[in-house]
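K.L.:
Protein chains in written order, with my numbering: chain A, 1 to 212; chain B, 1 to 365; chain C, 1 to 612.
Calculated directly from the structure, the hints in this document are not laboratory data. Don't take each hint at face value.
So, partial list: chain C residues that the calculated Cβ filter (under 7 Å) puts toward chain A [to be verified]:
#1 56
#2 60
#3 109
#4 129
#5 133
#6 178
#7 181
#8 185
#9 213
#10 216
#11 217
#12 220
#13 231
#14 232
#15 233
#16 241
Here are the in silico distance ranges between beta carbons for each label pair [unchecked claim]:
#17 80/A / 194/C: 57 to 63 Å
#18 584/C / 80/A: 52 to 58 Å
#19 207/A / 64/C: 36 to 42 Å
#20 496/C / 50/B: 27 to 33 Å
#21 584/C / 274/B: 44 to 50 Å
#22 169/A / 537/C: 37 to 43 Å
#23 555/C / 73/B: 20 to 26 Å
#24 82/B / 493/C: 33 to 39 Å
#25 80/B / 15/A: 21 to 27 Å
Positions of the beta carbon are idealized from the N, C-alpha and C atoms, including for glycine.
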Amino acid sequence: MSDAAAHAMEHHTSTGIDSRKVAIWTLIGSECLFFASLISTYLVYKGKSLVGPLPHAESQCMLHGAMQKCEGVFEIKLVTTGTAILLFSSFFVVMALYGAQKGNRKMLVGWLAATVLCGLFFVSMQVYEFNHFYHKGMGYGTNLFSSTFYTLTGFHGSHVSVGVIWLSTLLVLAIRGKLPPEKSLNLEIAALYWHFVDVVWIVIFPVVYLMR
Amino acid sequence: METRSGTIRRMARYFPAICLLVLLGCAKDYPQTTLLPRGDFARLVDSLFRTTVFWATIVFVLVEGALVYAILKFRGRPDDPEPRQTHGSTALEIGWTIVPALILAIIAVPTVKTIFKTSDYATGDVVTVEVLGHQWWWEFRYPGLGVVTANELHVPVGKTVNLRMTTADVIHSFWVPQFAGKRDVMPGRHNPLWFKAEVTGVFSGQCAEFCGIQHARMGFRVISQSPEEFQAWADSQKVGSPLVNKGVVPVDSTVPADTAARAAKVGRDSLMKAGLALFNAGGCIGCHSMVGTAMAGTTALRGPNLTHVGSRTTIVAGMLENTEDNIRKWLSNPDSVKKGTLMVLPRKLTDAEIATLVAYLRAHK
Amino acid sequence: MATSVIDRSPATHAPENTGIWSWITTVDHKRIGILYGATAFLFFLIGGLEALFMRIQLMKPDNTFVSAATFNSLFTMHGTTMIFLGVMPLSAMFFNYFIPLQIGARDVAFPRLNAFSYWVFLLGGLFINFSWLINAAPNAGWFGYANLTERTYSPGLNTDFWVLGLQILGIASMAAAINFFVTIVNLRAPGMKMLRMPMFVWMSFITQILLLLAFPVITIALVFLMMDRHFGTHFFIPEGGGDPILWQHLFWIFGHPEVYILILPAFGIVSEVLPVFSRKPLFGYTAMVFSGAFIAFLGFGVWSHHMFATGMGPFADSFFALSTMLIAVPTGVKIFNWIGTLWGGSLQMKTPLYFALGMIAMFIIGGLSGVMHSSPPADLQQTDTYFVVAHFHYVLFGGSIFGLTAGAYYWFPKMFGRMLSEKIGKLHFWLMFIGFNVTFFPMHFLGLNGMPRRVYTYPAGLNFEFWNRIQTYGSLLLGVSFLVFIYNLWQASRKPADAPADPWKGATLEWLIPSPPQEFNFADVPPVNSSMPAWDLRRAGGGQLPEPPRVSGAGIHMPRPSYWPVVAAFGVLGVIGSVLFTEAFPHWYFITLGGAAVLFYGVYRWAFEPAF
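Chain A with its partners taken away, still in its complex shape (with noise of 0.2 Å):
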């Protein structure tokens, strides 16, 4: 990116946004369909398992080889605390933004790494929960609800993996000090994938964990 950074300063564009920035906004654009489909599914087959377990109510499980009443699978604090970790990265990385635009690498660093931090416990609390709800007999195919929570929220989980590892990579050439204000928007672009990233979750939280 050394120089192109440079050739984009010196490129002149139509809008008189850099290109990069217009691409990710693009993407961001064409990954609300992805969203959409993958929402949608959850919503048209909500209530159509033909067996347990089930998001919030009790129902007839396949456990241990046999069929037992199980209870509903989610841990709402769980997901909440990961959903306020992860609206908290968003104001992270915003100051990290901030920080790169100044120059100020202290302030760079510490609110970039504490953004990475966030997201990749946003990332543990839903391998964490994937594995529980395994142990609780939910498996991939188990029923609908099973196959369309975990393709929605692994494609988001995918994405916020992602990110941190974008961020990470952004981490390293800050405190390597390759992250100057004249490249920050470097960072700016990774800053508004993440925000995208976020304000997904802010869908699916309350479509997926909240509506009953």
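Knowing the structure of chain A, use the given hints to seat chains B and C on it.
P.N.:
Positioned in the frame of chain A, the structure of chains B and C alone reads:
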């Protein structure tokens, strides 16, 4: 000038009619044509289609005419002066936005009316048939009449038939063009269709949704009969039907006094006995319901109910005429007749066995 | 650009870099365009051959030229190939080559991403077609209706090749769509406002938006199907509570916009060709832009007209019928405006114009038969019959292919610096026009007279043989027309470069630079004050423009070649293709991980390598 435009106007008026005539003229040779409706549902669709064709033809003539006229009229040479540079005309453009919209509205009104007439089951005095699509044959059940048959849908002329349709496996589409439009049979739901046959006769139908390797060989017939013939058919089919008394019929153990009749009965009984043994031993009962077998009362099997197979005009989903030769060919090696068919023989049958089965099956009128 | 010093002295004869490595690592949009074109044309010929095999099989009743299984693979692969490997990438050839030239840009916004798109497309196309070699070509239709495509009814790798191949191609399309979208938004020459863009750029722009919004939906649908087939879910399996109709909705929410993805570029090309050869501006430029946009917008609200026979109920049927009919209005505006462009013009009857006019004439027929089955009850007789086959071939062959061929004749001199023969071109046109109509017009009759689609044969008693035989003769003629085209290309390649910069007196920027263009396209971008900047300049110059010189161009920063996009493309192939091995190889996910590692490494090296 006057006469010329008059001629053009007359031609324009008759052109769509001429086109339809041409289409209809050819249509009568096609057993699956949509253009000669013989049922009320198909007639509703047909009148809608004619309206559309009428307007489409007018639009076609005008627009292609304008295009061809422009091509012929405005040819230029490389050294011609530059033509007048026009950039558009708001009035014209508004005009050719509104006029097509109006024509579409003319089509839209009867369309919506017909949609509401054709979307649901018919009501009133109807014959109800349950249609079940299978890879690659059709099952028809008449719950009210206690009949289960395959690939030949018998209907009484002049009486509305309600079809309640679903599938045993993948999506198929039920289509008898001269009676009604097609409608898909979907897993996990029932779709409605209805029609009233206007004339008696045999009509051709076919699956219209791609459903696997033998989609092309998933034909069927609709046999429209007088109410009396239909009733007689239903009565005969009811005997030994899986829907009636679990397919059990009392065995006729009387012995005719007449010598010839007695000999005939003994012969028939021994044929039935040998055929039945083979039907059981050969594994046919794995997929086929058949009077006199343990599966006589079962309806959820993969193959057609064979209880009255001898009364059908065709076998193998309308593919072959129901003749001795064809049954023999089919039983010798189904896969060579219809590659990929789900009818699998547990083992190869000997010629003698096949002969017995052919006679046995054909005896089941 | 303004800041660098550009050498505008005449070019000394610098040796051009033409080795195979230069093509593999190229990031030049013109070279990538040519790669797209050559690859797509080859796939197109394969798709055409598949069609010919089908026509021979259907020539007579109960024919055994090919087996049922082969026929089903043929029509599946014909559809899949023509859409994803033929028409879309042929459009992509023109996007690549001419969007930057028409908007006065040096290259696309992301040249390496552009290379990546091409290589992923190539690998995806090879991946799907590889299935022929192991006798496992997809066989469940290009629409892949569940639950037929589930493992129970489609065991074997056939459907897997289709699912995974489309997924790979989808990535190529998405990457390209983002690239062209940004290019058009951001890299226009000074003065080229949105409403001064050439109509081809406008229609391409709308196409990219359709791609961006439609492809995610099919991606998700394919993910569901893959999960059903390999990972135990029941998205479309009724026995597990799933509903196959969901597949149809997802598929057609993608599938209908896809139709416009296939046709809008051709609309754009025709809108370029008509004014140039009528020597008068496009009639109603603004209306053309907005009708295109309106078509695209409505295109997302009509998907269920592919499903009228599924029994959606009267309200859904009515809604989708009306929205579908509504699309005819902006489409009509386009056709009328084209005729308006011709009206009063001075038609130069050159081959590109022949094909453009053929396109309009044929598209009208396709449009009208489309209106016929926009009416759901009528559609109950027409859907899944040859009437529909006729309809969409009039739209996609009569429309897209005629339009794209017009583009090929129009732009070939610009791309290769050589003129195609007019004589052979017109022969090509008439053979194709007649062959096309003989092949596809009788399909209307057959459909209305009861011949269903996707049947490998038909019995003699239904009287389908007469028209089928005629159609087969027509299709052979159509095949010959393409041989004539290939001959035309071949004879042009053998003669010395003879094309001037502007053989047609074009209206747009690409005609102001030498044929073929130099790597940097424009040493200086001319002023743009209207949608026809070349005409403005010609008028200002008294009707003639001097032949533009080839200049040295030293000092212009051009993107550096890179092979990391190729590496990343192989990574994509590894990740997605690995799912083929779930049965054969218990540790199949090592292939996935290997592919992911290659992809990751490729993207990292790409991200950290200097772009210029």
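K.L.:
Would you mind marking each hint as holding or not holding in the structure?
P.N.:
Structure-based check of each hint:
Taking 7 Å as the C-beta cut-off, the interface hint given for residue 56/C is violated, the closest approach to chain A being about 40 Å. With 7 Å as the threshold, the beta carbon of residue 60/C stays out of range of chain A, its nearest partner Cβ sitting at about 45 Å, so the hint is violated. The closest approach between the C-beta of residue 109/C and any C-beta of chain A is roughly 4 Å, which is under the 7 Å cut-off, so the hint is satisfied. Restraint check, residue 129/C versus chain A: the minimum CB separation of about 27 Å is more than 7 Å; hint violated.
For residue 133/C, the suggested interface contact is broken, since its CB lies about 32 Å from the closest CB of chain A, more than 7 Å. The interface hint given for residue 178/C is met, as the beta carbon of that residue sits about 5 Å from the closest beta carbon of chain A, less than 7 Å. Contact between residue 181/C and chain A, as hinted, is supported at the beta carbon level, the nearest pair being about 5 Å apart and thus within 7 Å. Residue-level restraint check for residue 185/C holds (minimum Cβ-Cβ distance to chain A is 6 Å; threshold 7 Å).
At about 5 Å, the closest approach between the beta carbon of residue 213/C and any beta carbon in chain A falls short of 7 Å, and the interface hint on this residue holds. A distance limit of 7 Å between C-beta atoms decides the matter here; for residue 216/C the minimum to chain A is near 4 Å, and the interface restraint holds. Proximity of residue 217/C to chain A holds as hinted, the smallest CB-CB distance being about 5 Å (cut-off 7 Å). A distance limit of 7 Å between C-beta atoms decides the matter here; for residue 220/C the minimum to chain A is near 4 Å, and the interface restraint holds.
The beta carbon of residue 231/C is positioned within 7 Å of a beta carbon in chain A (closest approach about 6 Å), and the interface hint is therefore held. Evaluation of the residue 232/C hint against chain A yields a held restraint, the C-beta minimum of about 3 Å falling below 7 Å. For residue 233/C, the shortest C-beta to C-beta distance to chain A is roughly 4 Å, which falls under 7 Å, so the interface hint holds. Hint status for residue 241/C relative to chain A: holds, with the closest Cβ pair at about 4 Å, below 7 Å.
Between residue 80/A and residue 194/C, the C-beta spacing of about 45 Å breaks the proposed range 57 to 63 Å. For residue 584/C and residue 80/A, the Cβ-Cβ distance of about 44 Å falls outside the hinted range of 52 to 58 Å, so the restraint is violated. Checking the proposed 36 to 42 Å range against residue 207/A and residue 64/C shows it is violated: the Cβ atoms sit about 55 Å from each other. With their beta carbons about 60 Å apart, residue 496/C and residue 50/B fall outside the hinted range of 27 to 33 Å.
The beta-carbon spacing between residue 584/C and residue 274/B, approximately 48 Å, falls within the hinted interval of 44 to 50 Å. For the pair residue 169/A and residue 537/C, the beta carbons lie near 47 Å from each other, so the given range of 37 to 43 Å is not met. For the hinted restraint 20 to 26 Å between residue 555/C and residue 73/B, the CB-CB distance of approximately 52 Å leaves it violated. Take residue 82/B and residue 493/C: their Cβ atoms lie about 34 Å apart, and the range 33 to 39 Å holds.
For residue 80/B paired with residue 15/A, a C-beta distance near 42 Å fails the hint of 21 to 27 Å.
Violated hints, in rising order: 1, 2, 4, 5, 17, 18, 19, 20, 22, 23 and 25; the structure is consistent with all others.
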